[in-house]
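Novice: Residue numbers (the numbering used here), protein chains in the order written: chain G, 43 to 244; chain H, 959 to 1138.
One or more of the hints may lead you astray.
[Unchecked claim] Sample of chain G residues with no beta-carbon within 12 Å of chain H, all distances over it, derived: (1) Leu52; (2) Glu53; (3) Ala57; (4) Ala70; (5) Ala80; (6) Arg156; (7) Arg187; (8) Leu188; (9) Ser191; (10) Ala192; (11) Gly193; (12) Gly230; (13) Arg238; (14) Ala240.
[Claimed, not checked] Pulled a few chain H residues facing chain G out of the computed Cβ check, cut under 10 Å: (15) Gly977; (16) Val980; (17) Asp981; (18) Leu992; (19) His993; (20) Val1005; (21) Val1092; (22) Thr1106; (23) Thr1108; (24) Arg1121; (25) Leu1123.
Because the hints were derived from the structure by calculation, they are not lab data. As the structure is a computational prediction, the values presented were derived from the model and not from experiment. Idealized CB from N, CA, C, for every residue including glycine.
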Amino acid sequence: MHSSDPTGSLERWLARELGRPVPADPGARRRIMDRVRAEPRPARSGAIRRARSLQSSPWVGALVAAAIVIAVVGDALRRSGGVEPAGRPGGEPAATRRPTTGDTVAGRLEDTLRLVRFILAAPAAKSVALVGDFNAWDRRALILRLADSAGIWAADVRLPAGRHRYAFVVDDTQWLADPVAAPGATIGGRRTSLVRVAPDGE
Amino acid sequence: MTDAAVVRRVLEGDIEAFGILVDRYHARYTRYALHLIGNREDAEEAVQDAFVRAFRSLGQYEERERFGAWLYRILVNQCRTVSERRRRELGVLVDADPDSLRIPSPVDDDAERTRERLHALLAGLPPEQREALVLRYTEDLTFDEMATLTGVGISALKMRVRRALDRLRALIQEPPHALL
């Protein structure tokens, strides 16, 4: 085709640009296999066991002033759902314990998921939702509860080992990354934060 | 080992064998997802989710169908889901952090600008036309191969590609030869 032929020019340009190799992400395979290993094994009959679903409970609160997120990791999880913080045997269950900066609690679950607590200080917020790649960034899926009168919001989430991006949505309208957490890859141009859940045994 | 044989191994309990399928299809489908969605992070998320969904549904995979075509359909649905979610999120939310509103510094890389422009043009296409166009030129497939992959008739695919090209010409403000 002649270069002055508009059809040929556009098609050649598309073929060149769309056909360019895309740099490989060396960590992509590992991330996929990490998620696959955490899945229930597929069955030929099609009776695939459902993955455990995350529990979410809606609570209501007040307006945002600042954000602090603390990933909480600990040692053991009792079947009742209570969580004991690392190094603090006999401590009160995580669900009722007053969260503190730098504190981490994680539970060891039978199914290799680990419990991670997300905390946000937002005394003026009316509602705070947690969004991430673990709940399809759905701000309706996981609402934080108001953990105390000082305006601390918290949610306990079971996550598989690996890196997870997340952010908060405050009052259903404001997107907020965690300024003190490691940054995650942006989504739709918006900043996210990163939490790393260590594999079982680490 | 064929894809079907790998699937059988996974279903028999060799989960790690699923990595063979990831190795075979990841790069190609990442490129495809990138051009469909226009954003590297979201494309990788869509591809990752597609593989996980494929793994979950492996028991329902019928060996008479090519695994690549089966995975491709899962991927297209994931790309649509990711794109729609992004549109929904960005359309409603405002940023609480003013820093996030800063425009990134200009990139001097011509290739980067070209890629951004390409994705902006593709975003102006209806989903079916964009998918057909990207498949045609990313993978350099014949319409026969595209029909096998997508399950869509050859005539319909040709029509979608033709309309996509017509629409792109309308979107492009400069003469087409200026793209070269």
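Novice: Does each hint fit the structure? Answer for all of them.
Specialist: How the hints compare with the structure:
Under the 12 Å C-beta cut-off, the non-interface status given to G:Leu52 relative to chain H is violated; the minimum distance is some 5 Å. The Cβ of G:Glu53 sits about 7 Å from the closest Cβ of chain H, inside the 12 Å cut-off, so the non-interface label is violated. The beta carbon of G:Ala57 sits about 5 Å from the closest Cβ of chain H, which is not more than 12 Å, so the claim that it is off the interface is violated. Taking the minimum C-beta to C-beta distance to chain H, about 6 Å, the non-interface status of G:Ala70 is violated against the 12 Å cut.
The claim that G:Ala80 lies off the interface is violated: its Cβ sits roughly 9 Å from the closest Cβ of chain H, which falls inside the 12 Å cut-off. With a least CB separation of 18 Å from chain H, G:Arg156 remains clear of the 12 Å interface cut-off, as annotated. In this structure G:Arg187 is separated from chain H by more than 12 Å, as the shortest Cβ-Cβ distance comes to about 20 Å. Consistency note on G:Leu188: stated as away from chain H, and its beta-carbon is indeed over 12 Å from all of that chain's, at 19 Å minimum.
Non-interface status of G:Ser191 relative to chain H is upheld: no Cβ of that chain comes within 12 Å, the nearest being about 23 Å off. Interface exclusion of G:Ala192 from chain H stands, the closest Cβ pair being 20 Å apart, more than 12 Å. With a cut of 12 Å on Cβ distances, G:Gly193 stays outside the contact zone with chain H, its closest approach being about 16 Å. A cut-off of 12 Å between C-beta atoms contradicts the statement that G:Gly230 is not in contact with chain H; the least separation is 4 Å.
Here G:Arg238 stays apart from chain H, with its beta-carbon at least about 16 Å from theirs, past the 12 Å limit. Separation of G:Ala240 from chain H is adequate, the least Cβ-Cβ distance of about 20 Å exceeding the 12 Å criterion. The restraint placing H:Gly977 at the interface with chain G holds, with a minimum CB-CB distance near 6 Å, inside the 10 Å limit. Among the interface hints, the one on H:Val980 holds; its C-beta lies about 5 Å from the nearest C-beta in chain G, closer than the 10 Å criterion.
The beta carbon of H:Asp981 is positioned within 10 Å of a beta carbon in chain G (closest approach about 7 Å), and the interface hint is therefore held. Evaluation of the H:Leu992 hint against chain G yields a held restraint, the C-beta minimum of about 6 Å falling below 10 Å. Given hint, H:His993 at the interface with chain G, holds; its Cβ is 6 Å from that chain's nearest Cβ, closer than 10 Å. The beta carbon of H:Val1005 comes within 8 Å of a beta carbon in chain G, closer than 10 Å, and the hint placing it at the interface holds.
Evaluation of the H:Val1092 hint against chain G yields a held restraint, the C-beta minimum of about 6 Å falling below 10 Å. For H:Thr1106, the interface hint is violated, since its Cβ never comes within 10 Å of a Cβ in chain G; the closest pair sits about 20 Å apart. Residue-level restraint check for H:Thr1108 is violated (minimum Cβ-Cβ distance to chain G is 17 Å; threshold 10 Å). Among the interface hints, the one on H:Arg1121 is violated; its C-beta lies about 13 Å from the nearest C-beta in chain G, farther than the 10 Å criterion.
With a least beta-carbon distance of about 6 Å to chain G, the hint placing H:Leu1123 at the interface is held under the 10 Å criterion.
Comparing the model with each earlier hint shows violations of hints 1, 2, 3, 4, 5, 12, 22, 23 and 24; every other hint is respected.
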